[in-house]
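J.: One-letter residues, chain by chain:
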Amino acid sequence: MTELSLDGRDGSELISFRIGEQEFCVDIMAVREIRGWTPATPVPHSPRFVRGVINLRGAVLPVIDLADRLGLGTAVETARHVIIVVQIGSRIVGLLVDAVCDILSTADHVVQKTPDLAGDQMQNFVKGLIALEGRMISLIDLSLVLDTHQAEAA
Amino acid sequence: MNLTILAVDDSRTIREMLGHTLRQAGYQVITAEDGVHGLEVLQTERPDVIVTDINMPRLDGFGFIEAVRAEGASRTSPILAPTTESEPEKKARARAAGATGWIVKPFDPVKLIEAIRRVAA
Amino acid sequence: MDPMDAIRTTFFIECDELLAQLEEGLMAMEQGSADSETINSVFRAVHSVKGGGGAFGLDPLVRFSHVFETLLDQIRSSQVEATESVVATLLRAADMLADHVSAARDGGGVDEARSEQIAAAIMSHTLGGSSAAAYQPQPDEIEGLDFKPQMISLDLPSAEPAADFDISALLAGAAAAPADPVANDGEGGWIVNFAPHASLYAKANDSALVLRELSGLGEAVISVNDEALPTLDEMDPAGAYLGWTVRLPASVAEEDIRDAFAFVDDDCDLEIVREGGGSADLDISALLAGAVEPRTSAEEPADLLSSLLQEVVQSPPAAAPAPPAPAPVAPATAQNKPFNLMDLAPHVDELTQSAPSAPVQAQAANAPAAPPPPQTIRVDLDRVDRLINLVGELVINQAMLAQRVMESGAGKATDVNLAITDLELLTRNIQDSVMAIRAQPVKSVFQRMPRLVREVGEATHKRVRLVTEGEGTEVDKTVVEKLSDPITHMIRNAIDHGLETPAEREAAGKPAEGTVRLTAAHRSGRIVIEVSDDGRGVDRVRVKAKAIEKGLISADAQMTDEEIDNLIFAPGFSTAATVSDISGRGVGMDVVKRSVQALGGRITIISTPGQGSRFSLSLPLTLAVLDGMVVTVGDQTLVAPLTTIIESLKPRAGDVRPLGPSNFVLKIRDAFVPLIDTGAALGFGKSKFDPTEGVALLVESDVAGQVALMVDHIQGQRQVVIKSLETNYKPTDGVAAATILGDGRVALILDIDGLVTAHRKAPPRADTLAMTG
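Respectively, the protein sequence lines represent chains H, D and R.
With my numbering, letter number 10 in the first sequence gets 10, and the count goes up by one each step, no holes.
With my numbering, letter number 38 in the second sequence gets 38, and the count goes up by one each step, no holes.
With my numbering, letter number 705 in the third sequence gets 705, and the count goes up by one each step, no holes.
Simulated from the structure, these hints should not be mistaken for laboratory data.
Quick caveat, the model's predicted, so the values are computed rather than measured.
A portion of the hints provided could be inaccurate.
Which residues of chain R face chain H? A partial, calculated answer using Cβ under 7 Å [stated by the list, open to error]: (1) 393; (2) 682; (3) 683; (4) 723; (5) 728; (6) 729; (7) 732; (8) 733; (9) 734; (10) 738; (11) 740; (12) 744; (13) 746.
Partial pick of chain R residues on the chain H-facing surface, computed with a CB cut under 8 Å [stated by the list, open to error]: (14) 636; (15) 725; (16) 735; (17) 747; (18) 748.
Using N, Cα and C, we set each Cβ at its ideal position, and we do this for glycine too.
So that you can see chain H by itself, here it is in the shape it has in the complex:
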């Protein structure tokens, strides 16, 4: 296992969240806000992982079911689901997850390279792994989340 630095920026903060049994994190600088689930308006001809669009103080943004996107199975909508609003490039997007866990600092934790597992779709999105107190947290590369080349239309 080799070490991997996050774009040379050691000491950046990450926010971690849970989907099912697995834990993930993203760069906190990309996170705009966190809100509870609100029903999304479905958009025709959109990939299955795009649940629809919601209204965030007058802006219309898509909600992406991260579980589905990562190939973990469609999340069932329940009230305890959380939407993490992130900025990816020039777009504002909502990520549907189960719950938010923690804030981590990479200065304290080493990011390891993802093991190569052939055929695992998730590998396309995960930049690295963090080991913490016996947990394994996968670091998500947000710029790949919106990329629909790999996704199939519903």
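Since the structure of chain H is already known, use the hints to place chains D and R on it.
T.: Then chains D and R, alone, in the frame of chain H:
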């Protein structure tokens, strides 16, 4: 020096430049956009020096200067006219109309202030 | 922001206005309808561009403007006649000037060769040719006219009631010219004799300031000559009676001395000589050098002045200066008390103000009567946009409030509901007013077209005349900017493909010059722009052949003339790549159509062979709000643009007929229109499609004429604020945009044409359809 200067010019850019330059030198500045407007302003204002362009719509610089010199409280106010013309007739015409002096365009802030100083206490 | 940056921005904004003014004036000159005021305004436009450009040191721009301005000056002073060829050159010059301005603003370059060529053309019309128009930057000093040393004149201009100098007194004094006891700086010092005329004072020059100027050059000794001073009762307050002699050290440059008199040398008698008669020309200068007897330094000039002024103060104010004689005044004895000049100030005011202040309006009335300009203020666009966004939020919020109140169970007639109704009306009024702020006439877009027509005409060797109408028609700013590209392409197309060459036209019995008409008007809540030409019309044979060649239609397809004409809009008809190429040259009309549709607009063509074609472009008045019909489809709320809806009706069982394997039509009166299951077309597949249980919206689409869209039911009509779906997501077929409803949820706004197209590509599966009857 707290003199008030009236700048008359139909170009917004020039009005702003004159205003900026003159205010930096410590003068108060009021503006008008052509001869007619200038005469209106002079009904209520008494600037110490007037700087007016020649080519303007409605009432040009020559007409404006003549009107100011004809009557009114600003009859004896110094009037400076800018000139880009290298033709002496235009200058002579301005003087015949009653201009006190002139400034060469394009404006050199130093020369402008100097000209004002020359005609006003 | 650095103030100079702000002023520079102002300058370029002003340049746009000036260039428009220039274009307008030149068009009038071209049509022969220009009066002297128009020609003057054309001159002033170029003059102002040059002036501002000079202030910012934009040399290429200034040089070109100067050449241009020189010719215009000669035209306005009638030295040069504005013949057709001259005006043609002026038009080209205006285009070049616009290029120079753009280059100066954006930092690019201009086509140097073309600029030189046009400048040469201008100079060929200019009197004095290139020498007259050559731009010489002004010498970097305050100019004075050439100094001509003058004798002290014996006759002053008769208009001035100044006193005469007595020559005999001069000559008598000359003989006895004493060397002034006051020391000067040895041999070769300067003696400056200066006697202002009344005109000097009339021009508001002040001798004191001139003398001050001289004092600044070196140690000056100033003495006054008051010999010409009359008694008070003879004195004209506007007259000039005093003269001065100033001695300056030899170290002072003669040039500097002359320079001090730069403003006044025409209005005075001036002589500058060296001590001991070192001046160039006149023998008599030596004579005159001493002719004016200076007072001894013992009596200060100031005392004289103060005694003089004191007399004035003590006497009643003189009458109005203009024509009349001074009021008789008791001669007062001079009292040599020191006197403060400033005490005089209020009296001077009295004197000047006692002049009847004739109405200045008289002067203004002589100027060409101008209608009072409408009051305007300049506002930052950002502020307007913010205001519009906030009002949009207000509308949404108001709708949400109304919904909550309704859900809370308050009856329709309760106070709170009535208040909500009032609020809705008020909000709508505010929204309309705010949208009107941003409404702009299309004139700004139309103004660029004459130049385009000239260029394309030149490039294609065709003679074209552009006629415009309705340039005052207003649309929201968001739309105005989008009009430019489509209009440009329609005009280009009209000239390039529509109009014939002059030879062809004459052979066909048409005038050699083709006409392109550009009009704008409001129609049914939209703006309609039309570009028509009197050319050859669409070549249907060629168009059909090309479409077949590209596989867009089959070889034996039966098409009406109108359908063939509109093939030029068919996707893939031209070889242009993507919508983003639209700004390039030679882009096909199909690309234009896609970009127009993206704005919610429509474009069509009507053509008559041999007579011409007419493009018709219609766009919503604003891209910010939309009047919509809110409908339910499945469990979704959708919004259909109201302008597309012709009528709504409830289909009866017998009216629905199958057509082909998987399509249905609806019988409406005597016509059959295609019936589309909206839910299915959008992918919200319902388990069962029963038209009799829903509502059919009869809509107008560009791709398929009239179509009936099935929805579950109609919720109502609303004005909705348009929110982009593409900002954070991506374009979707069948969906134009989104809006936010009263309950805070997002509702999609339908793109009717897109919906119909999508339906055609993937008709609903037969097993999802159920029919009764």
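J.: For each hint, tell me whether it holds in the structure or not.
T.: Quick rundown of the hints versus the structure:
| no. | hint | result |
| --- | --- | --- |
| 1 | 393 | holds, 6 Å |
| 2 | 682 | holds, 4 Å |
| 3 | 683 | holds, 4 Å |
| 4 | 723 | holds, 5 Å |
| 5 | 728 | holds, 4 Å |
| 6 | 729 | holds, 4 Å |
| 7 | 732 | holds, 6 Å |
| 8 | 733 | holds, 6 Å |
| 9 | 734 | holds, 6 Å |
| 10 | 738 | holds, 5 Å |
| 11 | 740 | holds, 5 Å |
| 12 | 744 | holds, 6 Å |
| 13 | 746 | holds, 4 Å |
| 14 | 636 | holds, 7 Å |
| 15 | 725 | holds, 6 Å |
| 16 | 735 | holds, 6 Å |
| 17 | 747 | holds, 7 Å |
| 18 | 748 | holds, 7 Å |
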